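Number of protein chains: 2
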Amino acid sequence: MSLPELETPAVVVDADILERNVTRVALLARERGVALRPHVKTHKIPEIAALQLAAGAVGITVATIGEAEVFVEHGATDVFVAYPVWFTAARADRLRALLDRARVAVGVDSAEAAANAGRFLSGAGVEVLVEVDSGHHRSGVLPGDVVRVAEAARGAGLRVAGAFTFPGHAYGPDAAAPAAHHEREALATAGTALRSAGFQVAVLSGGSTPSLAATEDDGATEVRPGVYVFGDAQQWELGHCAADEIALTVLATVVSAHPDRVILDAGSKVLGADRAAWATGHGRLLDHPDARLTAISEHHATVVGTGLPGLGETVRVVPNHVCTVVNLVDEVLVVRDGKVEGRWSVAARGRNS
Amino acid sequence: MSLPELETPAVVVDADILERNVTRVALLARERGVALRPHVKTHKIPEIAALQLAAGAVGITVATIGEAEVFVEHGATDVFVAYPVWFTAARADRLRALLDRARVAVGVDSAEAAANAGRFLSGAGVEVLVEVDSGHHRSGVLPGDVVRVAEAARGAGLRVAGAFTFPGHAYGPDAAAPAAHHEREALATAGTALRSAGFQVAVLSGGSTPSLAATEDDGATEVRPGVYVFGDAQQWELGHCAADEIALTVLATVVSAHPDRVILDAGSKVLGADRAAWATGHGRLLDHPDARLTAISEHHATVVGTGLPGLGETVRVVPNHVCTVVNLVDEVLVVRDGKVEGRWSVAARGRNS
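The listed protein sequences derive, respectively, from chains A and B. The opening position of the first sequence corresponds to residue 144 in the working numbering, with each subsequent residue numbered one higher. The opening position of the second sequence corresponds to residue 144 in the working numbering, with each subsequent residue numbered one higher.
Mixed in with the good hints, there may be bad ones.
[Stated by the list, open to error] Examples of chain A residues lying across from chain B (beta carbon under 10 Å, computed): (1) Thr151; (2) Ala233; (3) His280; (4) Arg281; (5) Thr396; (6) Arg435; (7) Leu451; (8) Gly453; (9) Leu454; (10) Gly485; (11) Arg486; (12) Ser488; (13) Asn495; (14) Ser496.
[Stated by the list, open to error] Listing some non-contacts, in silico: residues in chain B with all C-beta distances to chain A over 10 Å: (15) Glu162; (16) Asp221; (17) Arg404; (18) Asp473; (19) Glu484.
None of these hints come from the bench; they were simulated from the model. Values in this document were obtained by computation on a predicted structure and should not be read as measured data. Backbone N, C-alpha and C fix where the C-beta goes; we use that ideal spot for every residue, glycine too.
Hey, can you work out the whole structure from these sequences and the hints?
Here it is in structure tokens:
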């Protein structure tokens, strides 16, 4: 089956490009001397995690206990839940059930959350990493508060393994280098403070595809990029991937044509609605680099550009933020050399808790 | 099980409020003398469609053949696919398979699409409505081109039943009344032109929850609102629903607290990422009307406001655009008087083609 015969919209992964992305970043991490623990929330697909682990990843990163459950079920043995999980009895039971089969670490960013986690998980063997705010100002404590939280965690019967941060402020024009600097600086500060307070610091974990190429290696012992496996329009626009490194596209059909625009049968229910303030559109077309998705609704995308295809023709849409696209579909089509060679189930789709 | 014991994030539907919304709009349509054909893309839940039909809806509206398949499977017998469907052989076969069990109409907005549909469906009994652009400038032809498209459809062996429009430009401050005027005017113009050209015009169909309350009834024979069953932050901000008419919320837990903000465990993977230029945030809290979700990522929402709940407490988030929320989850919890009374499967989730 060649691509133009597929029903659209369809989420399509180019296996060759994906494999090259997996290899490239594994080598980069090796050259830099940092462990690679890719964030699998980007793809939610066990087959891709297996490729990453085979290429040398030390384990995986997830965002939720639900994602951890899926990947442990599929064989993952070393999982970091990079999130300040608030435990309930039910959620702690779910985590405890994983500990027979995997090393599991979770995030913590307050003494209260540490005490709460300890009520359910004291002595269970779960590790915690203190989340540090390196400038994104989302969750995480300021570097000066890391020891206080770590001591609360230790006091609650949890094993403190180190610290982590997510430099989300790396997503923007010219933002990656300064954010990478903040990231490494915050981790170095946290590491020094923890060691001074008597903690053994096994892990100082940084994140993000944009900050991956940072040449400043002091601080992080591991990195947690996610998007690099697929690329997306955000990374393309920010210069963190090239067009020929984009492995995931959404095949769409032109269903309506007008002198100033064409309309595609892919909207926010398959492309996601992420649009950063600096983005030039709601997405782009891989084969028409000057085109932009100027408007999007649930099942329509309005495309403006030159030389656009006509009614009934198909295009490859590059979504703005690929992590939210994969979470919208139950499976992706795997293509190689323009032919469909299989389907992968998005096994952790919708595992938000 | 009371709500605070639920694992979060959880999508929760208040059955009493939902039922009141269904009844209120059914009565409104009856008073105005227009048929009600609710758009079920908002909820994708057969149980809710059944409530709408029981309250007097003449049929349902869907966006895709895939949605039509799910609702016909669950008993719908009168379905309008309000979309300019571009048919392939496979898609035409799927539509044809529905025609034994349901009256089905589809949209068309060009002579080329009409000819294409006719190649596969000539004489099959499917009805078409010509889509008119009433000012949203997405799909649809200008009112002056309606007859040309209708004649192409008739020439291709399709049964022309009338015209439809979606006044999407009604979504904005003070935009509903002028957009409703455009909607009714476009439908009236289309109806007159079609009748003059010898077509029997059974249906002139308008849309949208914002334009629902338009007092100008000339033009439309039916209306296709969707969001009214649930309400959302967009409708709340635009004054098209009150806080006590919001039937769907996302229960979330405060997982991180800071002097200037709290962080919830609900992000774009359960709330969606829709944010119109005029919106005051990425969503709101039902019980804290002054609070705003000022930032959102996949599993975090940053909330700013006064008197916010603390670590471990739960809140009810009102998402900006409810249609995209339901499409993210496999089921919703149904509550009445604060108790969970069941779960509904989002049977048409992800049916984008």
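Any hints from earlier that this structure breaks? Give me their numbers in increasing order, please.
-> 6, 7, 10, 11, 12, 17, 18
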